[in-house]
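Engineer: Residues per chain are reported as follows:
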Amino acid sequence: MKSKKFTFHVDLDMFTPASAEDKEYMVQMRESSTFFKDGVKRLYKNKVAFVSFIIILIIALSSIILPSFWPYSYESQLGVHPGRPVDASYNNLKPFEYGRTEQAQIENGEKVFPHIFGTDSAGRDYFIRVIYGTRVSLAVGLFASIIVLIIGTVIGSISGYFGGKVDLIIMRIVDIIYSLPDMLMVILLSAVFKMTLTPVIAGTALESIGANIISLFIVFALLYWVSMSRLIRGQILSLREQEYVLSARATGAKGKWIITKHLIPNCISVVIISAALQIPSAIFTESYLSFLGLGVNAPMPSLGSLASEALNGLSSYPYRLVIPAIVISLIVLSLNLFGDGLRDAFDPKLNS
Amino acid sequence: MNTKTLLYIGKRVLLAIFTVWVVITVTFFVMHAVPGGPFVGEKATTPAVQAAMEAKYGLDKPIMEQYGTYLKDIVTKFDFGPSLKQRGRQVIDIIFDGMKTSLKLGLIAAALSAIFGIVLGAIAALRRNKLVDRIIMVITTAFVSMPSFIMGSLLLALFAIKLRALPANGSTPEGLILPIITLALYPMAYITRLTRSSMLDVLGQDYIRTARAKGVSGPRIIFGHAMKNSLIPVLTYFGPMLAYIVTGSLVVEQIFAVPGIGRLFVSSITNRDYPMIMGTTIILAALIVIMNLVTDILYKVVDPRITFE
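From first to last, the protein sequence lines are chains C and G. By my numbering, the letter at position 3 of the first sequence is numbered 3, and the numbering carries on one by one without gaps. By my numbering, the letter at position 18 of the second sequence is numbered 18, and the numbering carries on one by one without gaps.
A hint or two may mislead.
What the hints assert, rightly or not - Below, computed lysine-lysine pairings styled on DSS-like, alpha-carbon distance capped at 27 Å: (1) LYS165(C) x LYS11(G); (2) LYS94(C) x LYS165(C); (3) LYS162(G) x LYS94(C).
Claimed, not checked - One side only, chain C facing chain G, incomplete, derived with CB under 7 Å: (4) ILE59; (5) LEU61; (6) PRO181.
No lab work stands behind these hints, which were simulated from the structure alone. Note that the coordinates shown come from a computational prediction; the quantities given were computed from them, not determined experimentally. Think of the CB as a built atom: it goes at the ideal place given N, C-alpha and C, for glycine as much as any other residue.
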């Protein structure tokens with residue numbers, strides 16, 4: 001049938017059933033992709049985020065694995081042996097130098113594990129202190145952001161789900177906490193908790209963690225959940241009204257299906273991304289407090305306290321400052337870049 | 001100014017006052033919850049002496065009464081009580097002394113970071129994806145991810161100890177150069193990035209194209225047309241910037257031994273000088289809250305496109 005462009009005659013050929021050939025044309029040859037797979041693919045393509053991820057992985061793994069077989073520990077003073085006078089030759093060693101007894105061992109043909117970054121003023125191997133300090137900083141960042149994630153999610157979803165008066169009251173509290181100057185409050189509260197907690201936890205299992213770290217966690221739990229809960233509340237409020245939820249409901253989906261297949265997958269990426277971006281800020285805060293002397297308890301090192309200790313011998317041993325400085329900047333930078341990459345990959349809506 | 005604007009401003013002012021009150025209350029009760037009391041570390045205190053001291057500072061009264069007096073003194077006389085460790089001096093006098101240095105430090109740092117940040121950001125936006133832009137972005141990314149105490153210590157190591165170009169001690173005027181640079185670098189980097197992205201946004205607008213089509217010269221487009229609108233997001237950063245400078249000055253003054261309010265705050269925590277801790281917290285917090293309030297209002301007044309809720 002010849003096509004007549006300007007008539008309303010229906011082209012009947014268009015309404016014949018599709019042949020097997022036509023149907024084959026419509027079959028998708030590639031595997032069906034999920035949201036998660038798509039995200040990973042996008043993340044993999046993002047070179048900056050990928051490199052940052054590798055850096056974080058290397059730093060995290062070495063801080064977990066290395067201390068378990070390293071011949072030195074972060075707290076043992078190499079020059080101090082019970083029953084013998086302190087061997088001061090171990091203090092303030094330069095990188096790859098050895099103490100007096102180690103020198104003797106080497107001359108006898110024995111092998112001595114090198115002090116890669118030398119030792120600090122108390123004769124402790126500096127390399128393992130940096131590694132251990134990295135571990136402490138990373139752990140504090142991770143736990144603090146998990147605490148924030150849990151509290152923020154619970155309060156945010158209560159606020160978004162119940163709405164009304166509950167929502168109003170919670171959001172006013174959020175507003176007030178939000179307008180408090182956070183760093184000042186963190187310093188004040190951790191100073192106070194430190195004084196209050198130290199006698200309370202003495203002798204318990206918590207003592208090894210230290211009053212400062214616990215007070216840091218409490219402060220995070222008290223102050224930093226607000227932005228997370230705001231985010232979750234906003235997500236829940238907006239997702240509830242989305243068209244696809246309506247269409248799912250219209251086609252007969254039940255509450256459970258909607259929650260597991262629509263609300264959680266659409267919410268979770270935003271939540272995880274902001275939790276990931278919380279880690280560097282927690283690490284930042286911890287190192288800041290440690291630098292002011294309100295962080296981890298000696299002899300446990302953290303990157304901030306290492307930098308602050310290094311200030312005393314700055315003119316002779318500048319590398320003792322530079323090393324933790326590089327590590328901390330590298331961690332914060334790559335976590336931020338990786339978090340941004342995660343956001344771009346898993347939540348393209350946010351960026352546009 | 002219509003009624004809506006005034007209503008918004010009134011609401012914000014009330015919230016700010018309420019926030020300052022919350023800070024005062026939290027600080028007061030938190031400091032009084034610390035076990036041991038302020039005179040524990042003192043040498044040679046018999047119970048009688050301690051009781052006399054507590055009576056002198058009004059610490060023997062019930063806590064609600066102490067709180068009432070404290071609040072009333074702040075509101076009516078701007079009086080934060082006497083310092084416990086620097087005998088015979090009022091907290092507010094000590095704070096004002098420290099404030100003179102800190103304000104100089106903070107204001108110069110803020111001005112420098114605003115000027116350099118805006119200029120660098122504009123350059124980066126105009127040379128987008130060229131070498132200059134790349135270099136500026138890499139450097140600012142590095143600065144943004146470096147904590148202030150690391151930055152300060154590194155500058156100290158490099159300029160004061162290695163090169164011996166600048167003094168490390170911040171109690172002289174030249175000594176303030178390094179602390180100012182330390183404080184200014186982070187906000188500068190941040191403002192650069194902010195200006196760049198908002199400038200790029202503005203340069204894509206229709207009215208810029210119209211100006212170009214009319215034959216307006218490049219610099220005039222930037223300074224006459226684009227600059228004004230692209231600075232609005234930058235304006236919102238001034239509140240957070242002040243907060244950053246205040247908290248940054250705590251460590252920076254520590255590193256360079258600047259006799260400012262930040263150093264006072266930290267030393268009052270280690271000394272357990274309770275009225276000093278409360279006084280500095282409250283004043284610094286009030287400063288930040290007021291600055292945030294001003295930026296918020298200014299932002300909405302400057303940009304008529306923003307509607308008031």
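Engineer: Decide, hint by hint, whether the structure agrees.
Structural biologist: We went through each hint and held it up to the structure:
Between the alpha carbons of LYS165(C) and LYS11(G) the distance comes to roughly 20 Å, so the proposed pair stays at or under 27 Å and holds. Note on LYS94(C) and LYS165(C): the hinted pairing is violated, with a Cα-Cα distance of about 64 Å set against a maximum of 27 Å. The suggested pairing of LYS162(G) with LYS94(C) holds, with an alpha-carbon distance near 18 Å, which does not exceed 27 Å. At about 14 Å, the closest approach between the beta carbon of ILE59(C) and any beta carbon in chain G exceeds 7 Å, and the interface hint on this residue is violated.
For LEU61(C), the shortest C-beta to C-beta distance to chain G is roughly 21 Å, which exceeds 7 Å, and the interface hint is violated. Hint status for PRO181(C) relative to chain G: holds, with the closest Cβ pair at about 4 Å, below 7 Å.
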